[in-house]
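*Asks:* Same order as they appear, the protein sequences are chains P and X.
If you count by the numbering used here, then the first sequence holds residues 1 to 201, one letter each, in order.
If you count by the numbering used here, then the second sequence holds residues 1001 to 1201, one letter each, in order.
There may be inaccurate statements among the hints.
[What the hints assert, rightly or not] A short, non-exhaustive set of chain X residues, derived as facing chain P with CB atoms under 10 Å:
(1) G1031
(2) K1093
(3) V1129
(4) D1159
(5) P1170
[Claimed, not checked] Output of the computed footprint for chain X on chain P, the stretches with three or more beta carbons under 8 Å from beta carbons of chain X:
(6) 149 to 163
(7) 180 to 194
If you're looking for bench data, these hints aren't it; they were derived computationally from the structure.
Please read these numbers as outputs of a predicted model, since none were measured by experiment.
From the three backbone atoms N, C-alpha and C, an ideal C-beta is built for every residue, glycine too.
There are 2 protein chains.
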Amino acid sequence: MPSRTPDAGRRSETSRRAIYAAALGLVEETGYPKTTIEGIAARAGVGKQTIYRWWGSKADVLLEAFLDLGEQQAAGEAAPGIPDTGDLAADLKLVLRATVDNLLDPRFDGPARALSAEGLVDEKLGRAVVAKLLEPNFDLYVERLRSARDAGQLRPDLDPRIALELFVAPIAQRWLQRTAELSYGYTDTIVDYALHGIAPR
Amino acid sequence: MPSRTPDAGRRSETSRRAIYAAALGLVEETGYPKTTIEGIAARAGVGKQTIYRWWGSKADVLLEAFLDLGEQQAAGEAAPGIPDTGDLAADLKLVLRATVDNLLDPRFDGPARALSAEGLVDEKLGRAVVAKLLEPNFDLYVERLRSARDAGQLRPDLDPRIALELFVAPIAQRWLQRTAELSYGYTDTIVDYALHGIAPR
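Take the sequences, apply the hints, and build the full model.
*Replies:* What follows is the structure, given as structure tokens:
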């Protein structure tokens, strides 16, 4: 997070929101390489020194804009993270349905594609995207799967860091590469297959 | 495939290989948007009319160059497709280990990242990549999983088109987004989890 003095107040908050919106809009429209701090500043109606005061690079601005977007998307939800009602299948289905909603949200889709695309070829940016946007989300799955494992609902030898990929990777691929449609029926099926296996019981 | 007359002969074959290599090299070095038919022709040492005679666009050249690369990579393998020894777990482990080898092959990694990255933001190109490069591969999984299902080794109600994603998507995400290392131990674990489920049996 940017370091801000407590009295930076309302005006700074407004600027910060305008800067996030400008950064997300520009990366969607022109791609990551052509997005510049100058362009973000001009579109947000602030001086570029305002941006440099808070962030070190355009990658920093964009990653934070996405974190903020994620917080806004989650604001309508009951609690952050993955619920733990004791029914793992139901909890995962709920979260994956919400993930589908978020991925298909047009505020997210365009900018996230542009950032992800650049992350594939720019290894440093890609690793920052993973560390700041993906890993914190993976950690929530690890925690929920570990809790289920400790409750005897998952194999005792399970590696939660690998297991979570059965849930998140198929959805990521359908979204990123448009290999097929994302739907609630699809995510429910993925949860069922991953939990119980595709071999007969 | 390009339409070629039977007497186009050896010289055309040499040109074709040079054009594929030029296309793959350029897309890796400069990205998809800056790769041009003119650039490919210059690097391959052919006239651009030679390229236009065989292909309609740079996307066509690149997709075919990848198909050809896949054929070369598979040339050392026993048979195309997924083996069917009757032991589904062993067959999938073998194929996924070979997939890891191919993904980590430097001839493939750079150009494939550049093409995939552009496919995320250029929907038409992305759909062509899926149709020409991914779907034919998915079809092999569908066929193998259907055969196992019919042999009673998978749930009778299984949708093979969804099930295959438990195997291919985690590996695609680790490779594309560099979320973690790809290894044989990892792909073996994915096969185990997907076949038998992460819940206790």
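*Asks:* Taking the earlier hints as the rules, which of them does this structure contradict?
*Replies:* 2
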